[in-house]
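Going by my numbering, the letters in the sequence shown line up with residues 1 to 146, in that order.
Calculated directly from the structure, the hints in this document are not laboratory data. Be aware that one or more of the hints could be misleading.
[To be verified] With a straight-line Cα cutoff of 35 Å, these simulated DSBU-like cross-link-like pairs (lysine-lysine) come out: (1) LYS90 with LYS52; (2) LYS30 with LYS137; (3) LYS52 with LYS27; (4) LYS12 with LYS90; (5) LYS3 with LYS17.
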Amino acid sequence: MNKGYRQGQILKLIRSKSVHTQEELAKELKSQGIAATQVTLSRDIRELGLVKTPGGYRQMTPESSGISLATIAAEFLHDVRLAQNLVVLKTAPANAGTLASTLDQARWPEVYGTIAGDDTILVITPDNDAAQGVRRKLLQFLELHD
């Protein structure tokens, strides 16, 4: 089974039904004879540009969806904290992945990468000054939400 085929099947699945978790996705793929580990599914989800929405996983890219970082952050971002060169973002449960993916796709030069959990995102920057700049930019989105 090659990666291209598996990813194609993932896209077919999420377009035809609501899939809300990686576990559900793994079960659906298994029913089609496609075995995939959680690590593989996480990588596929990231590479395909999938985001978790209330309706399940959807493929969204800034170019095709028209959904901006400002929109996603205003919707999902709850708090922004600093830890030296790291920025810690808090979201509602199950929304960290969507915001992290959108932030990664924004390609801010001061953001080296993100790591998302369920409701927390770790944003990695090169130094403390860059982290403070990212925090300021993200806090503007919180102001839009209030």
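> In ascending order, which of the hints set out earlier in this document are inconsistent with the structure?
Replying inline: When the structure is compared with the hints, only number 2 turns out to be violated.
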